[in-house]
Amino acid sequence: MIKSSKSTVSTTCGYCGVGCRLEVHPRSGVIASITAAMDGPANKGHTCLKGRFAHQFTRSDERLTTPLIREGDGFREATWDEAFERIVSEFTRIKSDHGPDAIAGLASSRATNEDCWAMQRLIRAAVGTNNIDNCSRVCHSPTSFAMRRCFGYSGATGTFNDIEAADAAILIGANATDGHPVVGARIKQAAIGGMKLVTVDPRRIELADYAELHCSMRPGTNAAVILGLANVVMTEGLTDEKFIAGRTEGYEEFAALLAEYPPEEVERITGIPADDIRTTARIYATAENACLIWGLGVTEQRYGSEVVQLMCGLAMMTGKVGRPGSALLPLRGQTNVQGSSDMGALPDTYSGYRPVSDEAVATTFEERWGVGLSREKGLTIPKMFDAAIAGELKSMFIFGEDVAQTDPNTTHVIHALQSLEFLVCQDIFMTETTKYADVILPASAFLEKEGTFINAERRIQHVAAAIDPAGDARTDFEILTTLSAALGHEMNLATPEQAMEEIAALTPEFTGVTYERLGREGLCWPVAADGSDAPILYEEKFHHANGLGTFNALPYREPGEVADDEFPLILITGRRLQHYNAGTMTRRTRNLELMESDWLEIHPDDAARLGIDELDLVSVRSHHGRIEIPARITDRIEKGNVFTAFHFPELRTNLLVGDSVEVNTGCPEYKVVAVDVRAMSEAPSGTPALVAAD
Amino acid sequence: MQVMIDGKAVEVEPGTTLLEAIQGNGGHVASLCYDERLDPFGACRVCMVGVEGAPGPLPSCTTLCREGMEISTSDETALRVAAAVVELVLSELPEAPGEHTALAVVAKQLNVTRTRWTGAVHEKDEDLRHPYLAFRHELCISCGRCVRACDEVQGAFALTVTGRGFYSNVTAGVDSGFAESSCVSCGACADTCPTDAIVELRLLELAIEQNGSGE
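First to last, the protein sequences are chains E and G. Read the first sequence against this note's numbering and you will find it ends at 694, with the numbers running on by one and no gaps. Read the second sequence against this note's numbering and you will find it ends at 1215, with the numbers running on by one and no gaps.
Among the hints, a few may not be true.
Calculated pairs, DSBU-like style, for lysine-lysine (alpha carbon to alpha carbon, straight line, at most 35 angstroms) [claimed, not checked]:
1) E:44 with E:541
2) E:95 with E:435
3) E:377 with E:242
4) E:377 with E:435
5) G:1108 with E:95
6) G:1108 with E:44
The set of hints was computed from the structure by calculation and includes no laboratory data. Note that the coordinates shown come from a computational prediction; the quantities given were computed from them, not determined experimentally.
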């Protein structure tokens, strides 16, 4: 227990989308310690080793502390004025030569709502294009798309409190104890306390040990799993007829499709025994209250948005939505992946997911901002890279995202970055991406700035600065508003709080949001004018014009990549407990001592067949690239599958991932990559091959 | 149901413990092994209260309210027992607990300023192998809070108490330290520890730096 101090700052964690509330204890301008806030709604006095301990990166010697401008093969230090002048002159030149659509921006799901708001306003109003996207594109954009189609709002239907209120839950495509440790602990405790948990995952994740039943499906067959569950619900008469009749539409077509997916057929497709499909369906449907919880194992697949729509269907046919304990809970990846999209840092929508083509909405923004705005949809992240290689996109402004490490088909991404005439990066460290930058702006970490994050519960929570930005680095909000003014568009937003006032004025779901009302426990949007929020959505009706939820009859389709003779194994990627995404933060903390590098998980039978021993260096080759990595043999993974994370830039996992994307949203298919794994007889080369040998 | 706390009638739900009833009505009872996030344990015998008609003081954390119970938080016997327990606990420690620790706070509340017992004290036994969490076994009072936080908040089941009597102490895994156990480094144990027997390593370093600079 640490001494409470007057200087203690309450804020919201900047790691995953759980949104733990933290008490930060700075001493002499450096963080001495972080503890969990006892009243944090999502964490209730708990936190994980990332939120609590992994803060030393804030004063790493490698922090960017001054603007940098490219000079030859390297960079020279520059003043802020120089950096801004350079950006203004290049943006102006490119705009006049090629038009505003030759420029694109990426906002960050690790940045605050106010930062993302400023970024999308800068791109839309100061540059004049809708080429703005954010990293939710590559994680939960399919969830957003699907939930808007089925229910109306893009977000969880309830909160994490529904986990404790549930009698049963299905966890699918999420390794919560590693990826979202505090929610993982809540699920585990609920399961120990009697909640019937079913885990559905190609890996035998830790929570499987606490489950009534674990189902291992063949990667890429999630749709068949859900269709099978729904088939059992229908054929065994476990449906909630009153809910279907009174609150939904499209059930007949959905039910007709379900007839094609009896458990035996689903067993053939997914590899899950038919009886386990039946048991799972009964556990979910017969529970008084039950939750569906999922992660990127559902979304980062070719038909991810369709699977989420099917899950919405499963919930509606059993009437399990809109009350305590019956919720659909997507585990959002990064701290503000919900908010960055809510803010309209997307190429097709303004804040609150309103289309850029909507004349009335666009006009409101034009009036407020005093500029004309494009009605044309902009480019998504993958399309930006394609356009850069095609020579149509000349410049990118990438804020808080390391696309050269985290985005799929790394070779293609690097080619795109190299093809740009002018690249601006705003970050806290040099990354794989900043290597290709022309101007680098030193920014601030979440512990150094004010604003708000929105967690996976749609909960808007306050973020407060505990220490100053490093060196001459500035807060992202200050950088973006200053640059916008230099580009000729003065935002007149002096503080993040003023930005939130503007967000509230322009966004129906945020109407009643003020920093004062957020208090210590935040508010779950939509927030009405009187400040009342909505922890549980759809209690009475869905957010569609007719108030009805929509069933969508979507059949199972094969994933984008399948194993074949040349690439006989399926690679799945994900997170490790000790590290976080690109690893830029956690690799600069003592978390590295807890996990210093990664490995490839492989089943004992596959390892024996391939002559691979524990910790042998292996070559992993896909259609798209090749990496070298040590192997670890474990029966937590099914035969035929291998697993690794993507936290370590030296391993370059994403070289292996191709350009197969989700059909509706362009989210990459990180979770299904056909690979060939071979033991390597020679010593490691130290530099991974960039391109697969043909 | 209704109970009387220090002469005041209060309404409580069936199943409420005496401690919850007292705290829920603005009262206070010193305690060592109690953490509101964890199931009641009843190990430390510090949260003693007087109950009319009972043969002696009762531990408020594990005693349930009964209709008409008359509870006293200032019962002299109860306070004397609690103070004696704290005094015994302190007598085993090689140094006074840090001012900010729950043990120091409780000792102050019960006016325990010194210990009359001069028996064996624990020998210094630090384990600083983990990057974030340090064991100072000599400060462990076997209250079980860390073990229960590990089990009931996180669910890592990494900690246990081994040994008996004076020699009982907390350990991670099979005496293997945090890193080699099933510990997930969440820090819930350090959060709940009332003596800094498990403490964030950085805070220990800061304290040493401060003492080294003569403060």
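task = For the pair we were handed, residue 377 of chain E and residue 435 of chain E, check the Cα-Cα distance against 35 angstroms.
result = 29 angstroms, holds
task = Measure nothing beyond the straight line between the CA atoms of residue 1108 of chain G and residue 44 of chain E; if it is 35 angstroms or shorter, mark the hint as holding.
result = Roughly 28 angstroms between the alpha carbons, so the hint for residue 1108 of chain G and residue 44 of chain E holds.
key: Given hint residue 95 of chain E paired with residue 1108 of chain G - CA-CA distance at most 35 angstroms   = 71 angstroms, violated
query = Can the restraint linking residue 377 of chain E and residue 242 of chain E be considered satisfied, given a maximum Cα separation of 35 angstroms?
reply = 40 angstroms, violated
ask   = Holds or violated: residue 44 of chain E with residue 541 of chain E, Cα cutoff 35 angstroms?
value = 30 angstroms, holds
inquiry  = Given the hinted pair residue 95 of chain E and residue 435 of chain E, is their Cα-Cα distance within 35 angstroms?
reply    = Answer holds: residue 95 of chain E to residue 435 of chain E is near 24 angstroms, not above 35 angstroms.
Against the hints set out earlier in the document, violations occur for numbers 3, 5.
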